[in-house]
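Those sequence lines, one after another, are chains A and B. Position 34 (the first sequence) corresponds to 249 in our numbering; numbering is contiguous. Position 183 (the second sequence) corresponds to 276 in our numbering; numbering is contiguous.
Bear in mind the hints are in silico, worked out from the structure with no lab data behind them. These numbers were taken from a predicted model, which means no experiment stands behind them. There could be a bad hint or two in this list.
[As the list claims (entries may be wrong)] From the structure, some residues in chain B lie toward chain A, with a derived Cβ separation under 8 Å:
1. GLY197
2. GLY198
3. GLU202
4. TYR212
5. PRO230
6. ARG232
7. ASP235
Using N, Cα and C, we set each Cβ at its ideal position, and we do this for glycine too.
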Amino acid sequence: MTYDPGYNFAYLDESTKRMIRRAILKGVAIPGHQVPFGSREMPLPYGWGTGGIQVTASILGPDDTLKVIDQGADDTTNAVSIRAFFRRVAGVATTERTAEATVIQTRHRIPEHPLTEQQIIVYQVPMPEPLFRLEPRIAETKRMHALADYGLMHVRLYEDIARHGHIATSYNYPVMVNGRYLMAPSPIPAFDNPKMDQMPALQLFGAGREKRIYAVPPYTGVRSLDFDDHPFRPIRAPHACALCGSRESYLDEVITDDSGGKMFVCSDTSYCTERQTAREAAE
Amino acid sequence: MSEMPLLSARDLQLHFGRIAALDHVDLDIWPGEVVAIVGESGSGKTTLLRVLSGMMAPDAGRVVFDGQDVLAMGEAARRNLMRTQWGFVHQNPRDGLRMGVSAGGNIGERLMAVGARHYGNIRGEATAWLKRVEISPERIDDLPRNFSGGMQQRLQIARTLVTRPRLVFMDEPTGGLDVSVQARLLDMIRGLVAELGLAVLIVTHDIAAARLLAHRILVMRHGQVVEQGLTDRVLDDPQHPYTQLLVASVLAA
């Protein structure tokens, strides 16, 4: 496929891409460590994935197949527009099927279909600093990372248990990467945290407004913080998907009318569609 | 008392522009000893405390804690010292407490920082310490900002002592409290110090508090230690003119 000749391949100029690749390599070399980079203005607003889109643009090659998901869905505005953007400026093939993609840019979910060594997942990150809201001084948080001084994060979990009787953090649940760096996994549900541990795919994180990149290399230990007597539990709505019947996937609660009607459906639309197709084929 | 001082400072010097904040100060603290530093505002008391605890670097001099050079050690080692062997009680509880974290979380923070990962044990320890500092354990989940000044200060002491430090620095712990609350706090500190065998370096301008708590007194003026000795000796038989003035200035009730 061809791309719009008015732009350089994948929108960013080559020296910017090299700069971002250097940040990515450094991030891969120090799993979980936040590497600053010169974030560029992108043709979409902050909060819509400016960090993720720059990382994707830097690693994309002409032969790649791109999948973009927004809260698990392939068909929401953010996903559709970023996919259309890269089709135009990079001419790459796009897909909605997780297994076919080589690069997956995601906002707030990890696909249900297990990822492989051939794939890279790029997370859009609004706030890369896990100690944000606990320690207001960024200089101090950097010192805490340098000294692995992470008692404060456990104070937050302690407060959760004291107030709610259990750890009530249900998304952006803090993790320790490779036993060294405390990392914000971006606002994915805690349900997805176990998928990050020893994942065969390379995981890249881009925060555009905060100008930080970090990474988890393939097969790296990612452990969710917890207490010995209050172990980490992935939380999932106790229902089956109304469309495909899955009892394993992460569910969204969808309000269907004004009188309290609701249904639970898979948040991963690709996974849900594949299951529905397979069921219809079997019938 | 053992042969070696726990903390020993030699020839500390620090200048703020032309003003000498510390002028050739020497100091030793032995295990289990309470030493008070008294003097007027601006005499260098708090600066001395900050230098001894490694929070500020002097222009010259040495500080040795338990055989380790405090000023030469890396920040990681100093932080480790700060949360295990040392404690620091600030004058304003706001500086020492996390006001947005519950009382139990405040006490538990140091435990969690040194690796405690069992919620039940941390909570048990926090409850025990609240009782020790005379705060009702029912308030374990309340925020310190809803506590009175005296309670905040007692909570700060509990939070500091929970990891059983060997040396505690206190900067005007009774400042800003009314007298009856002060008396109760001093009584509590005295009890805890004796019970835990702490070494304490306490900065105060309150001579009465110093007499109640301290074994030894250092009198500071213009960055110099003008007189030091056993508390009763210094207060009952002051030698230096400034000490005589200081002792004479105490109001009798």
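Hints, one by one, checked against the model:
no.: 1; hint: GLY197; result: holds (6 Å)
no.: 2; hint: GLY198; result: holds (5 Å)
no.: 3; hint: GLU202; result: holds (5 Å)
no.: 4; hint: TYR212; result: holds (4 Å)
no.: 5; hint: PRO230; result: violated (13 Å)
no.: 6; hint: ARG232; result: violated (12 Å)
no.: 7; hint: ASP235; result: violated (10 Å)
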